[in-house]
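Here is what each chain is made of, one letter per residue.
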Amino acid sequence: MIALKNLSYRVENRPLFEHFDLQVAPKERLVILGPSGAGKSTLLRLIAGFVLPQSGEIVLDGQTVSQGNKMLVEPHQRGVGMLFQDLALWPHLDVGGNIAFGLKIQKIQWEVRQQKVEKMLAMVGLQGYETRKVDTLSGGEQQRVALARALALSPKIMLMDEPLSSLDAERNKALRKEIIRLQEEMGFTLVYVTHSQEEADEIGTRELLLGQ
Amino acid sequence: MYRLFSLLVLAFLFTACSSNALQKTVTVYVSEDQVFSEPLLKDFEKESGIRVRAVYDTEESKSTGVMNRLIAEKNNPQADVYWANEPIRAEVLRQKGLLQPYQSPVAKDIPDVFKSATDDWTGFSARIRLFIVQQGMKDKPTSIMDYTKPEYKGKTVIANPLFGTTTSQMAALFSVWGSKKTEQFLADLKANDVMISTSNGESADFVASKSALFALVDSDDAVSRLKAGDAVAFSYPDQGAGELGVFVVPNAVMMIKGAPHPQAAKKLIDYLLSAESEKKLAFADCAQIPLHPGVVMPPYLKPMDELKVMQVDYAKVAQKMVELQPLLKAWLQK
Amino acid sequence: MSEKQLSYGVIALVALLGLGPIAYMVGSTFFDSSGFTVSGYTRLLEDAVFWKHAANSFVLALTVASAAILSGLFLALLLTKTHLYMRYLFLLVLLVPLLIPPYILAYGWYALLGREGLLGGLLFGFWGSAFVLYSVYLPIPLFITALFLRKVDAGLEEAGLLVCNWRCVLRGITVPLLAPSLGLSFLLVFILSISELSVPQFLHYDTFVIESFTQFSAFYDFKTATVYAMPLVIIVFAVLWGMQGLLSKTRYRVSSHKKMLMITLGKMRWMLFLGVVLFVAVIVGLPLAGLVMQSTLSSFIHAVSEALPVISSTLIYGAMGATLLTLFGFLSAHIIVYRTTRLWSLFEKSVLLIFMLSSTVIGIGLILFWNHPATNIVYATAVIILIGYLVKYLLLTTEISALSLRQIPASFIESAQLSGASWSQRLLLIILPLAKESLLLAWGVGFIFVLRESTITMLVAPPGETTLSVYILTQMANGAPAHIASLCLIMLTLVLLPLALLIYRLKKGTLYDRT
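Residue numbers (our numbering), protein chains in the order written: chain B, 15 to 226; chain U, 7 to 340; chain D, 6 to 520.
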């Protein structure tokens with residue numbers, strides 16, 4: 015569960031959120047819509063902990079992760095996965111290296127890691143891609159690698175920032191279905207940012223319009 | 007853009023014209039330290055009305071300096087006069103055919119040993135190579151052979167013989183002693199753990215700071231330490247009967263072949279060679295010993311006529327110096 | 006005039022001014038009175054002392070480069086990626102040693118430590134040379150890394166922060182992404198410290214550059230001396246090869262909207278702050294304090310009044326040299342970035358070759374090439390010094406301009422082309438204004454390097470003309486220590502003034518936030 019309580023966040027003295035409240039139930043798929051500059055991405059970054067609000071409280075899964083401008087739980091300890099708009103695949107690592115990065119940090123054994131990587135790749139339909147360089151992949155394939163990487167640590171909360179915006183209509187559609195399937199399979203809470211009403215209607219169990 | 011360009015052109019024209027503006031000029035390249043030479047050249051400007059355009063040298067070990075420039079400019083000389091701080095450089099230039107002989111009327115009473123046999127250069131105001139020793143030292147060294155005495159093992163210093171007056175002195179020894187005896191001397195220096203410094207000034211500092219007992223240095227380095235109040239004293243080497251005498255390193259002034267301003271060049275040379283100039287250089291911090299007899303000088307050093315002087319042919323010394331370089335280099339590395 | 010004609014014009018001019026004299030020098034090493042010969046080179050190969058000193062040079066350069074890379078990386082992270090107090094000030098102060106002639110720094114340490122005792126003993130020799138060169142060249146990895154840090158996509162780090170803390174994100178993501186820029190700075194520092202003459206010479210550490218210099222100063226034999234300068238050229242070209250490989254690998258995702266991620270220091274903040282204060286005080290503060298202590302107010306005033314004509318001519322030469330360098334740097338960058346002729350690559354390498362060749366070789370080459378009665382208008386005037394500065398430092402201003410030209414999106418120029426702008430209009434109306442800031446930077450860098458130069462100036466300056474850096478060197482021969490220290494301080498002021506102006510103009514943020 016995600017709870018934002020009485021949150022205020024200003025950028026260069028321009029208020030983006032004021033006394034903002036939000037509740038997301040476990041396993042819910044919340045889609046956030048809104049025009050550019052409405053603070054959609056910022057909301058995700060607040061949840062992930064990349065930025066701190068000036069005031070208010072953020073509670074993830076019953077644990078207060080930030081209070082006012084105090085960081086109580088670091089991003090990597092929040093159990094959050096994220097799919098970035100530009101994917102943020104590390105160019106100096108191969109596909110396997112990207113997916114296994116977090117596992118390696120947690121000092122998980124090599125064999126277990128390998129199994130997990132293979133499982134994740136199978137899940138996103140990219141078997142045998144471990145040693146490929148990320149910049150040799152197509153856009154859709156990169157999307158799937160990023161997804162596999164975000165899911166590798168089995169996060170309870172998944173944040174997606176316009177992940178499909180750069181794909182053509184056909185791939186976009188296919189991946190939407192896959193995201194829903196994965197969410198149902200793995201049972202994470204999803205917060206999904208987009209400005210496509212069509213995407214929102216298909217993916218969301220609830221929609222939130224920002225910037226009104 | 008165009009404005010910028012025209013500004014540049016103007017600037018170029020300005021710099022191109024500025025140097026030819028004055029007709030009565032003389033160009034002199036100077037290897038004597040600027041600190042000592044510049045005041046004298048300024049005096050000449052005032053007294054003669056001839057503008058002096060000078061190029062000064064750095065310490066020998068710090069740049070490639072004006073000698074290289076003179077040689078590179080051989081085919082289209084820019085300099086009229088070269089003021090060298092020792093005669094070996096003058097001889098190198100003579101041997102490369104860069105000099106114009108000139109017999110200055112004011113140099114008549116300067117001893118012939120300090121002049122080129124062919125009138126290519128004339129010596130004046132000299133340094134001598136003497137020992138700077140720690141003050142109160144009981145048995146001061148009296149000969150350069152003292153460097154090889156076992157009681158001084160590891161306690162003495164000499165400047166790098168690849169540079170400057172130390173090279174000249176080694177070459178002079180070769181020309182007087184011959185190669186066998188000099189090489190033995192060098193080997194003995196090594197065997198006696200003589201320290202090597204980068205310059206005579208540094209050698210003098212070693213003695214002043216009591217890091218070494220004595221050092222063979224130029225007289226100006228020694229005098230400056232004495233004037234600075236350091237606890238040092240001097241000793242003139244090889245003054246006894248049958249001994250070599252002190253090695254004298256006069257300044258040397260010469261005219262460049264094809265000098266653009268030969269008349270002004272002669273005036274400057276005459277000025278530098280005068281007894282008056284020698285007196286100025288004797289009282290300056292460089293404390294150089296006049297070569298004209300009877301010029302008044304400060305009391306730190308003995309006048310030339312009280313010293314036994316090493317009789318050398320500087321032309322031969324210069325020749326030896328070129329042959330000697332590889333040998334000295336090898337010696338340093340041993 | 007067409008774009009091609011202008012390009013060929015610039016190339017021809019640089020070739021005539023710079024490559025001509027050098028080709029003349031290098032060519033002459035293969036001939037003696039009896040015709041073609043390689044005897045100079047065989048003598049070099051057999052010179053055991055030279056190769057022993059070459060090994061010294063290698064160890065020195067390796068030490069300096071490794072130390073500079075490691076601490077440069079750490080400092081770059083600390084001073085650009087955290088909110089450490091006064092971090093911009095630290096960056097600026099650490100830049101100072103690079104901007105003044107290196108011998109001034111060495112002289113400052115000498116003024117402070119002397120020659121005696123444990124520290125004085127350490128100063129003279131390997132450790133002193135390595136330390137002074139380290140402080141001189143530290144800004145290179147520091148600023149290159151700081152610049153590239155801004156190019157690292159924040160998203161890549163955020164993705165890492167979701168699974169671990171900053172320490173491991175830096176180790177696993179940020180630093181590996183910086184690898185090419187670290188390699189680049191390593192090679193740059195390596196080249197610069199292996200070719201540095203004045204510091205090891207002043208501090209008595211035998212390197213092969215000193216050896217080749219001795220050929221000039223003790224033997225007056227230009228051919229042999231040029232031969233002895235060649236190994237450095239060969240090393241530089243080998244290193245250049247490595248550098249090009251690294252540059253081609255340096256592909257960064259330039260983040261479009263995200264700001265650089267900052268690290269919160271927390272409790273470490275004060276400790277790190279004090280650490281940096283201490284470090285800066287030792288690296289920059291102490292040697293400058295040495296100079297200040299050795300000079301007195303009266304000696305400073307005396308030095309200013311004495312050196313006033315020299316200072317003003319130094320400023321004039323600096324300004325003229327910098328202007329020429331900026332202009333030609335921009336035109337050269339235009340040739341290289343837009344490949345306006347097929348010769349662009351050869352041209353780029355030539356500019357680098359001249360930069361790396363010993364100043365003595367360039368100086369003697371300029372004399373031999375230009376000193377004829379017919380070309381007195383060039384040689385016997387200040388024009389020759391400007392030529393010397395232009396050919397020696399063209400690489401710097403070219404690279405600065407090229408860096409900014411490469412960042413101008415092709416679409417900007419293409420759309421101007423579609424609107425009917427000719428090449429010269431595109432150059433003057435689109436490219437030039439967009440590169441304006443970098444031209445200012447190029448001018449400042451050109452000015453500072455012209456100010457630092459002494460060897461070429463000494464060899465070709467018309468009689469009666471001199472610059473401050475040469476004047477200091479000639480005064481070092483038996484000048485009073487207080488006077489020399491004061492002159493060094495004046496030099497420092499001359500360098501820092503344009504720097505301050507430059508920073509004021511570029512404003513605090515933009516100087517560092519440019520990507």
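There could be a bad hint or two in this list.
Computed footprint of chain U on chain D, listed as stretches where at least three residues anywhere in the stretch have a Cβ under 8 Å from a Cβ of chain U [what the hints assert, rightly or not]: (1) 42 to 50; (2) 224 to 233; (3) 467 to 475.
Please keep in mind that the hints were generated in silico from the structure rather than gathered at the bench. Predicted, not measured: the structure shown is a model, and the values here were computed from it. All C-beta atoms in this analysis are idealised placements derived from N, C-alpha and C, irrespective of residue type, glycine included.
Hints, one by one, checked against the model:
Interface restraint, the segment 42 to 50 of chain D with chain U: violated (0 residues with C-beta to C-beta distance below 8 Å; minimum three). Counting residues of the segment 224 to 233 of chain D whose C-beta lies closer than 8 Å to any C-beta of chain U gives 3; at least three are required, and the coverage claim holds. Using a Cβ-Cβ cut-off of 8 Å, 6 residues of the segment 467 to 475 of chain D lie near chain U, which meets the minimum of three, so the contact claim holds.
Hint 1 alone, counting from the list given before, is not met by this structure.
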